[in-house]
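Visitor: According to this note's numbering, the first sequence is numbered sequentially starting from 295.
Honestly, the hints are just simulated from the structure, not real lab data. Careful: at least some of the hints might be erroneous.
[Unchecked claim] Subject to a maximum C-alpha distance of 20 Å in a straight line, what follows is the list of computed EDC-like cross-link-like pairs (lysine to aspartate or glutamate): (1) 306 / 508; (2) 555 / 640; (3) 495 / 508.
[What the hints assert, rightly or not] Distance ranges between label pairs, derived from CB positions: (4) 621 / 554: 33 to 41 Å; (5) 619 / 459: 21 to 29 Å; (6) 516 / 619: 28 to 36 Å; (7) 472 / 668: 53 to 61 Å.
Ideal Cβ positions, reconstructed from N, Cα and C, are used throughout, including at glycine.
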Amino acid sequence: MSKTLISSFPQKLIAWHQVDGREGLPWQGVKDPYAVWVSEIMLQQTQVATVLERYPRFMKRFPTVKKLAAAPVDDVLAEWAGLGYYSRARNLHACSIEVMERFLGKFPGDPLLLEQLKGIGRSTAGAIAAFAFQERAPILDANVKRILARLFGVEGALQEKAVNDLLWSLAEQLLPKHRDDMPVYTQALMDFGATWCTSRKPVCISGTRKCPFEKQCQANLSDQVLQLPRKTPKAKSPEFDCDMMVLQRGNAVLLQKRPTKAIWGGLWSLPESPWRTGGLNEVASLQMTSKALLALTLPEENHLTIGRHCKTLIQGERIKHVFTHRRLWMQIWHVSVNQALEFSSENLRWVSLDQLGKYGLPQPIKLLLQGLSLAHGDD
DNA sequence: AATGCGGGGCG
DNA sequence: CGCCCAGCATT
Numbered sequence: 295m296s297k298t299l300i301s302s303f304p305q306k307l308i309a310w311h312q313v314d315g316r317e318g319l320p321w322q323g324v325k326d327p328y329a330v331w332v333s334e335i336m337l338q339q340t341q342v343a344t345v346l347e348r349y350p351r352f353m354k355r356f357p358t359v360k361k362l363a364a365a366p367v368d369d370v371l372a373e374w375a376g377l378g379y380y381s382r383a384r385n386l387h388a389c390s391i392e393v394m395e396r397f398l399g400k401f402p403g404d405p406l407l408l409e410q411l412k413g414i415g416r417s418t419a420g421a422i423a424a425f426a427f428q429e430r431a432p433i434l435d436a437n438v439k440r441i442l443a444r445l446f447g448v449e450g451a452l453q454e455k456a457v458n459d460l461l462w463s464l465a466e467q468l469l470p471k472h473r474d475d476m477p478v479y480t481q482a483l484m485d486f487g488a489t490w491c492t493s494r495k496p497v498c499i500s501g502t503r504k505c506p507f508e509k510q511c512q513a514n515l516s517d518q519v520l521q522l523p524r525k526t527p528k529a530k531s532p533e534f535d536c537d538m539m540v541l542q543r544g545n546a547v548l549l550q551k552r553p554t555k556a557i558w559g560g561l562w563s564l565p566e567s568p569w570r571t572g573g574l575n576e577v578a579s580l581q582m583t584s585k586a587l588l589a590l591t592l593p594e595e596n597h598l599t600i601g602r603h604c605k606t607l608i609q610g611e612r613i614k615h616v617f618t619h620r621r622l623w624m625q626i627w628h629v630s631v632n633q634a635l636e637f638s639s640e641n642l643r644w645v646s647l648d649q650l651g652k653y654g655l656p657q658p659i660k661l662l663l664q665g666l667s668l669a670h671g672d673d
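Please model the complete structure; the sequences and the hints are all you need to start from.
Guide: Encoded structure:
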């Protein structure tokens, strides 16, 4: 490992940033630890373009850690809806309460303390400590992993612990000497990875710009830039089928709160059947009755009233939704019932179509019900 | 070390 | 369609 590269890296990167860094992102230059924390959590595995719209909205709704801690977790989830990885929202809320109680509303600057908080791992702790407290703490997100793997010609797959340890060690060694440089240095690392040393079209390959590290970058010197960092291939994601029910009573639909641990955890969705593997949609091939459908999708104690209240049953669209690790086909069924149908469960709630915005809905369900809402408005 | 957890953008 | 992304928690 080149000693000169390590000692010269921070200043060269900061110099690069002064000319070619990103500007105008709403969380840049922010010093308030709360605002930094929210931005870091929201940006986990989430594109800048997406966060650009959602971050100011979140900050307007929850301007301080105190306000966030005082809000019901359901409100936080509703605000988070559409961003994905909903454990981030649940952890955000839990973390805000812990900061209020354990740290009297002030985020700690020590990365080791930050890392004890829910939803904050080593990299996010480093980012908060660097941006908000000028602590000499490293980050290691996908950008930094890519930069370092190329710069130092790290051959092993990112999933290997030894490789991860090596990258953390490099990230530590590369830190600027002076803590005052930490915010700009950390931002520069992210900007450089996101805009120049990109995964598919790094500037050294596209030839659009001249990389400041081209003479030292091991991957560039050995023509391995697009091969690094290495990743072990992922298995193809399995496919599932399920039935979902839009149970409509006048202007309201029945929403069901999802269990915390599951996918879309804590969000409000439609009653749904268990997921089935294996292509053929057996239920759709049945002569579907409202009773059979409700038996599939609702808890047992709610079945008895069904037949009496059902007015119509219509087979709706079949929606495909792609997750990172699963593909899901949702067969929609529209069931219309008369006004008398009630449910007693905490997790079942009639919600009028114009109130849907107050609820955190999975993105495909939100889109589906928006279409319904529109059609209904046209009547 | 492997898996679960969303959603959007890009080629 | 497959790959990628300002990761973390759990097992």
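Visitor: All hints are to be evaluated individually against the structure, with a verdict given for each.
Guide: Results of checking the hints against the structure:
At roughly 12 Å between alpha-carbon atoms, residue 306 and residue 508 fall within 20 Å of each other, so this suggested pair holds. The suggested pairing of residue 555 with residue 640 holds, with an alpha-carbon distance near 17 Å, which does not exceed 20 Å. Distance restraint check for residue 495 and residue 508: the Cα-Cα separation of roughly 15 Å lies within the 20 Å cut-off, and the hinted pair is therefore satisfied. The beta-carbon spacing between residue 621 and residue 554, approximately 23 Å, falls outside the hinted interval of 33 to 41 Å.
At roughly 26 Å, the beta carbons of residue 619 and residue 459 sit within the given window of 21 to 29 Å. For residue 516 and residue 619, the Cβ-Cβ distance of about 34 Å falls inside the hinted range of 28 to 36 Å, so the restraint holds. Restraint check, residue 472 to residue 668: a C-beta distance of roughly 57 Å satisfies the suggested window 53 to 61 Å.
Going down the numbered hints, you'll see the structure goes against just number 4.
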